[in-house]
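Q: Sequence:
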Amino acid sequence: TVDVILSNCVINLSPEKDRVFADAYRVLKPGGRLAISDIVALKPIPDELRRDMALVSSCIGGAAVVADLERILLDVGFTGIEIYFAFTR
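For what it's worth, full-length UniProt numbering labels the leading residue of the sequence shown as 1, then goes sequentially.
Keep in mind that a hint or two might mislead.
Quick list of simulated restraints, FRET-style, between CB atoms [to be verified]:
(1) L42 / L13: 17 to 23 Å
(2) T1 / P44: 19 to 25 Å
(3) E48 / V4: 36 to 42 Å
(4) G77 / P15: 30 to 36 Å
(5) A54 / D3: 35 to 41 Å
(6) L55 / P30: 18 to 24 Å
(7) I60 / A35: 17 to 23 Å
(8) L49 / D3: 35 to 41 Å
(9) A67 / R33: 17 to 23 Å
(10) P30 / S58: 34 to 40 Å
(11) L49 / A22: 22 to 28 Å
(12) I5 / M53: 24 to 30 Å
(13) S58 / Y84: 18 to 24 Å
Derived from the structure by calculation, the hints contain no laboratory data.
What you are looking at is a predicted structure, and each value in this text was computed from that prediction instead of being measured.
Beta carbons: idealized from backbone N, C-alpha and C, even for Gly.
Given these sequences and hints, build the entire structure.
A: In structure tokens form, the structure reads like this:
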């Protein structure tokens with residue numbers, strides 16, 4: 001088990017985000033922390049864009065909607081979820 005998990009721009013590449021977060025929760029010690037920096041979407045990304053390999057490889061095609069990520073985190077057992085946004089252009 002671990003105290004902290006840091007993830008920087010990789011979860012968007014997984015098609016099984018629920019499994020990623022379930023495994024993170026499983027290996028964290030009680031009171032452990034999960035810190036993520038990743039590309040997210042504010043609204044659903046159309047399927048044709050999700051299948052575009054250029055967008056997938058640039059981390060956009062696999063971006064999850066923020067509300068969906070929060071739901072997954074809650075479903076697997078995380079509490080005290082804090083989400084911060086840093087928008088760039």
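Q: Determine for every hint whether it applies to the structure shown.
A: Hint by hint, here is what the structure shows:
no., hint, in the structure
1, L42 / L13: 17 to 23 Å, "19 Å, holds"
2, T1 / P44: 19 to 25 Å, "35 Å, violated"
3, E48 / V4: 36 to 42 Å, "38 Å, holds"
4, G77 / P15: 30 to 36 Å, "21 Å, violated"
5, A54 / D3: 35 to 41 Å, "38 Å, holds"
6, L55 / P30: 18 to 24 Å, "38 Å, violated"
7, I60 / A35: 17 to 23 Å, "22 Å, holds"
8, L49 / D3: 35 to 41 Å, "37 Å, holds"
9, A67 / R33: 17 to 23 Å, "22 Å, holds"
10, P30 / S58: 34 to 40 Å, "37 Å, holds"
11, L49 / A22: 22 to 28 Å, "26 Å, holds"
12, I5 / M53: 24 to 30 Å, "28 Å, holds"
13, S58 / Y84: 18 to 24 Å, "22 Å, holds"
Hints 2, 4, 6, counting from the list given before, are not met by this structure.
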